[in-house]
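Colleague: These are the residues of each chain, in order.
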Amino acid sequence: NIVLTQSPATLSVTPGESVSLSCRASQSISTSIHWYQQKSNESPRLLIKYASQSISGIPSRFSGSGSGTDFTLSINRVESEDFSIYYCQQSYSSLYTFGAGTKLELK
Amino acid sequence: QVQLKESGPGLVQPSRTLSLTCTVSGFSLTSYGVSWVRQPPGKGLEWIAAIWSGGSTDYNSALKSRLSISRDTSKSQVLLKMNSLQTEDTAMYFCARGAYYFDYWGQGVMVTVSS
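Sequence order for the protein chains is A and B. According to the numbering used here, the first sequence holds residues 1 to 107 in order. According to the numbering used here, the second sequence holds residues 1001 to 1115 in order.
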């Protein structure tokens, strides 16, 4: 199974800061990584597909990068609505897996 | 617009079989795959199974022996069955459009396994 390790587990920031969330794969997965945001008691929302491809309706402050084993979700100038949990997910292998998540919280 | 809605029993006894239905609208099951993903209370996401637009299926290998996914295209429904339920199967069960990544999600249905 491909294991995705997200770091940090929790990130405390103030609105207006820019942040980077990391997702590391246990083996090379090309760009088969996708990012989701999940707010409390809501369903996940797709933010980025295939490492860096934007999704219609998602604010431009969200961007993704990386390939191989190291991936990053960047949020330029965090807004109050961005405080939630972020998950990465791989589709390289037929057994899809998610990372454990990074919680973005208000400092 | 694209919508997915899960339905099923909220409470299931241990060792019994769970049957969940995902009813979709705004897209065709013959054009898009649908997956099931679950989330235990306070924990992360786990992909369970997918049915592709052509009707082929994929399962989480850790759960495969207990799972069955199928669809009824005339009703725009995807069905998930899981047998031999245990308390660790207690979770929110989501269906989502897509078989590689998931661009639309249902609201989820909470399933509690308890006697």
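What the hints contain is simulated information worked out from the structure, not anything from laboratory work. Heads up, a few of these hints could be off.
[As the list claims (entries may be wrong)] Derived pair list, reagent style DSSO-like, types lysine-lysine, alpha-carbon separation capped at 27 Å:
1) A:Lys39 to B:Lys1075
2) B:Lys1075 to B:Lys1043
3) B:Lys1043 to A:Lys107
4) B:Lys1005 to B:Lys1075
5) B:Lys1064 to A:Lys103
6) A:Lys39 to B:Lys1005
7) B:Lys1081 to B:Lys1043
[Claimed, not checked] Pulled from the structure, derived: some chain A residues nowhere near chain B, Cβ distances all over 12 Å:
8) Asn1
9) Gln53
10) Pro59
Since the structure is predicted, the reported quantities are computational estimates derived from the model, not experimental observations. Beta carbons are placed, not taken as given, at the ideal position from N, Cα and C, and that holds for glycine.
Colleague: Take the hints in turn and mark each one as holding or not.
Modeller: Hint by hint, here is what the structure shows:
1. A:Lys39 to B:Lys1075: 31 Å, violated
2. B:Lys1075 to B:Lys1043: 33 Å, violated
3. B:Lys1043 to A:Lys107: With Cα atoms ~23 Å apart, Lys1043 (chain B) and Lys107 (chain A) stay inside 27 Å; holds.
4. B:Lys1005 to B:Lys1075: Cα-Cα ~13 Å, so holds.
5. B:Lys1064 to A:Lys103: 31 Å, violated
6. A:Lys39 to B:Lys1005: 19 Å, holds
7. B:Lys1081 to B:Lys1043: Roughly 22 Å separates the two Cα atoms, so the pair holds.
8. Asn1: About 8 Å separates Asn1 (chain A) from the closest Cβ of chain B, which leaves it inside 12 Å; violated.
9. Gln53: 9 Å, violated
10. Pro59: 16 Å, holds
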